[in-house]
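Sequence order for the protein chains is A and B. Okay, so the first sequence: first residue is 82 according to the working numbering, each after it adds one. Okay, so the second sequence: first residue is 82 according to the working numbering, each after it adds one.
Among the clues, some could well be false.
For chains that are exact copies, the list does not tell them apart, and a pair is met inside one copy or across any two.
Calculated cross-link-like contacts (lysine-lysine; reagent style BS3-like; alpha-carbon spacing at most 25 angstroms) [to be verified]:
1. K461 x K381
2. K261 x K292
3. K104 x K450
4. K104 x K454
5. K445 x K382
6. K117 x K104
7. K454 x K117
8. K292 x K104
9. K381 x K454
10. K369 x K458
11. K104 x K445
12. K226 x K461
13. K461 x K261
It should be emphasised that the hints constitute simulated quantities derived from the structure, not laboratory data. Predicted, not measured: the structure shown is a model, and the values here were computed from it.
Protein chains: 2
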Amino acid sequence: MDEEERVEHEDREDEETGVSVAKITLEELQDILNRKDRTALQEVFLHVPNIDIAEVANELEPADLIFIFRNVESNFTADFFDDLSQQTKEDLIAAMTNRDLVQLINAQAVDDIADTVGDMPANLASKVLRAADKDMRKDINALLKFQEGTAGSLMTTEYLEFLDSNTVEQTIEVIRERGKDAETVYTIFVRNRQRQFVGTVDLDDLIFASKDQTLAEIMNQDIVSVTTATDQEEVGQMFRRYDLNALAVLNDDQRLVGVITIDDAVDVMTQESNEDLARMTNMEPTDKPYMELTAWENAKKCIPWLIALLILGTFTTLALNRLESQAVFTRLPVLIAFVPMLMDTGGNAGGQTTGLMIRGLAVKEFGPKQVLKIWFKELKSALLVAATVASFVFLWLLIEQYTGIVNNIGPEGLLDGMNVWNGQCWTAEFASYAFRNAGLVSLTMLVAIIVSKSVGTLLPMGAAAIKKDPALLSQPLLTTVMDVATLMIYFAIAMSFHP
Amino acid sequence: MDEEERVEHEDREDEETGVSVAKITLEELQDILNRKDRTALQEVFLHVPNIDIAEVANELEPADLIFIFRNVESNFTADFFDDLSQQTKEDLIAAMTNRDLVQLINAQAVDDIADTVGDMPANLASKVLRAADKDMRKDINALLKFQEGTAGSLMTTEYLEFLDSNTVEQTIEVIRERGKDAETVYTIFVRNRQRQFVGTVDLDDLIFASKDQTLAEIMNQDIVSVTTATDQEEVGQMFRRYDLNALAVLNDDQRLVGVITIDDAVDVMTQESNEDLARMTNMEPTDKPYMELTAWENAKKCIPWLIALLILGTFTTLALNRLESQAVFTRLPVLIAFVPMLMDTGGNAGGQTTGLMIRGLAVKEFGPKQVLKIWFKELKSALLVAATVASFVFLWLLIEQYTGIVNNIGPEGLLDGMNVWNGQCWTAEFASYAFRNAGLVSLTMLVAIIVSKSVGTLLPMGAAAIKKDPALLSQPLLTTVMDVATLMIYFAIAMSFHP
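Chain A extracted, bound-state conformation (with noise of 0.2 angstroms):
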């Protein structure tokens, strides 16, 4: 390599965040690459990090890729492979010859091929499966049973599992022999002699150990352990809670089948917030980043919900016009002005509780049993925000309709200019109509805030009790119920203010 080439790789700090790693960009590799300089593209692999390689990769064509991967050794290509965008494989794999992509296929982790084959064409994983030995096609064929987003389907089954009389120096032995293979070595799991799992042994525990030690006197007995059905947002909690390095999954006969190790685990609980997040802004999750995504596939993730909204939202205009038959606009005009600010200020308020509802849901601090307790905690809250709301709406209505930026009405119709700055003074009368306004809409925002927090709590309750997702639910359901109670209560106090 020479001198040149080594600047170009070079570790490359961003000033402004401080993160230091080396980047390759998409032109310096298809020169190397035209040039087929193999020490150079060694260079690149061995200095940048996989995922930044793959990113820039996906754009080559297969011919470059296969150069690569014939000519970089395996234990760099196997993560790099991985790190590809699922359309760059397939392209890939339908371009390689069968001895590429033994060689390929066989240096997997066979949970990532098990997932980038489920989601392939039949031809291409037909394809694949030819491809992997044995044992592989094996493993990858029981892993696919799994439904997508359970336990089964992120496990690995290349995992060390020992008898729990082994001695520490037998343990190490076989996995300097067997451990390359392995996905983690940084835990161990134990069985007995009836074959159930019953502990764990971390690496540098074992290495700690003295050489003559067993497992059993060493290994962790505070274990946890989910099944294949177990979801992975159970997963997610499960590491977080735990602080795991790997989870032992069991089958119903309580036998370890596979593992799942903490960088699966870290995309799952990524996966879980993108979902979170999609669904609390009424959108469709997906998995597809977003540069990746078609304007049509992302019209699609956000149609849905909007239409389903906007017939939610019927019942609003239902009210709205109901209200309407019975004059009430015509009537009380000034109303109207302050619906937008009541009706957001409800489902603002229902939203925070929703918000955290969902979250202690999620994290399983409470469930859908203790319903009474957390409605009544809430509700001591909602009394302390709606009082302080509520008073302060009183005063900026006050101040709002004395400097006229809002025009003060009475019943009699428009009294504009009535403000300060045209150097009128408030008559008793034009106090009374500004007082008696900004009391029906502090009274409405009181009662609207503690029923708006009520309702924030019991729908996410409410579907968690029924085990439905609380996100996919509460949001769009606390907007409509508010829309409605807010119009409701707030023209319910405008009769009996000025009946």
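Fit chain B to the supplied structure of chain A, relying on the hints for placement.
Relative to the frame of chain A, chain B by itself:
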């Protein structure tokens, strides 16, 4: 341990989730402590994960906790202490003798104890620092200097660093001797003679290597690092992107000064996604679990946002009030009924885009410099969404009016009961009103969605460009901007429809 005891701590599998973990209740633990049953207590720590014991133990008296720390091995109690709540830790430290405290503190990880001390009243903090041995006190003080939310505040100073010329055998020897004090031995950090950080070695590679190889030969050179000032959100991203177990933290001279481990990174990711969720629901984020929030603490997180949004909402009031002055509502009362639906859809459509932007900016998929490219991409999708939703709305409003869900109202006033259920046929005049209303709302929707998705792109991009958290400002500002914009569009179109 008698048989009865064993049954109590046995693994309890949750039928529904498949999660299996040994649990203990407060009553069981209190009972063991009342009996001063050392053996049973040690059994509990052997089988039940620390965090599960800690959650229960937060309810115990300090004297009971001191009994635990005196009678359970420190390799169990170190993590257990860290999992206690801050309040419990403080009460315990206040009640402990100095001798007990010296034992407790020096068994802790230095980064954990620094976090705890940082949140403590000064008198307790100095009690802790006096109990720490000299090296630890120096490290705690060094860590306390870093600002919360930076890599410096997350890192530990307890890591293993080796010279690149060391052999594998030498390295394993040192790990055996000194590894127990390190926070992780799974990743070993390598420096050259110039004290520059040049590589990492995974513990498994060390085990697979032959004894006389040097670290330089087997180390990973595709290294990434951050500085002590790097934002913690960035740190979470690095772990996720590069599948790290531990991340190197450098000082301004590019020397290694600390290491962040995966367990702390997972906590950061959780904290960041909680913050995003809180921001999306217009609340101040909090690290405190929901059940520990008092009503007033909870209210304090809600009130500022509600009031801020309310003040912003004044613009909507203002807009409606100005329209009122022109007597728009009294002339066209039917229009009012559709205002909330239009505003909600405008806000929802923009919110979807804002959510995508917040996520894309957070994971660095794109940056504020690409604003034009992204805006164009969103516009293409917005056109599809707007056309689809507007067409639907047109049909939906015709149906609503035809079936009498909404009373059709012409310029002359209410046309109550003019619907299919009353056996009334639509006259040509009636139909023309219905089509005109549907057309007006549908056209408004078309424009509003396109505007809204533009605003939803530009607000977060703008926030990112001026280095503000995109989630902090975008959502609330969006609602206000879109409420006002939708109103303006609606009535501008209405005026040209019904001049």
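Structure-based check of each hint:
In this assembly of identical chains, K461 and K381 lie within 25 angstroms of each other by CA distance solely across copies; the values are 12 angstroms between and 41 angstroms within a copy. Taking the closest pair of Cα atoms, K261 and K292 come within 25 angstroms of each other both inside a single copy (21 angstroms) and across two copies (17 angstroms). Within a single copy, K104 and K450 get their C-alpha atoms only as close as 52 angstroms, which misses the 25 angstroms cut-off; across copies the closest is 19 angstroms, which meets it. With identical chains, the CA atoms of K104 and K454 are at most 25 angstroms apart between copies only, with a shortest distance of 23 angstroms across copies and 54 angstroms within one.
For the identical chains of this complex, K445 and K382 are inter-copy neighbours only, at 22 angstroms across copies versus 29 angstroms inside a copy, given an alpha-carbon limit of 25 angstroms. In the homo-oligomer, the alpha carbons of K117 and K104 lie at most 25 angstroms apart inside one protomer (20 angstroms), although the nearest pairing across protomers, at 60 angstroms, exceeds that limit. When the C-alpha separation of K454 and K117 is checked against a cutoff of 25 angstroms, the pair qualifies neither within a copy, at 69 angstroms, nor between copies, at 34 angstroms. When the C-alpha separation of K292 and K104 is checked against a cutoff of 25 angstroms, the pair qualifies neither within a copy, at 44 angstroms, nor between copies, at 33 angstroms.
In this homomeric assembly, K381 and K454 come within 25 angstroms of each other (Cα to Cα) only across copies, at 20 angstroms, whereas the closest approach inside a single copy is 40 angstroms. Taking identical chains as interchangeable, the C-alpha atoms of K369 and K458 lie at most 25 angstroms apart only when they sit on different chains, with a minimum of 15 angstroms there against 39 angstroms within one chain. Taking identical chains as interchangeable, the C-alpha atoms of K104 and K445 lie at most 25 angstroms apart only when they sit on different chains, with a minimum of 15 angstroms there against 41 angstroms within one chain. Proximity of K226 to K461 under the C-alpha cut-off of 25 angstroms is found in neither arrangement, the shortest distances being 49 angstroms within a copy and 39 angstroms between copies.
Neither within a single protomer nor between protomers do K461 and K261 lie at most 25 angstroms apart by alpha-carbon distance, with minima of 58 angstroms and 48 angstroms respectively.
Going down the numbered hints, you'll see the structure goes against 7, 8, 12 and 13, while the others check out.
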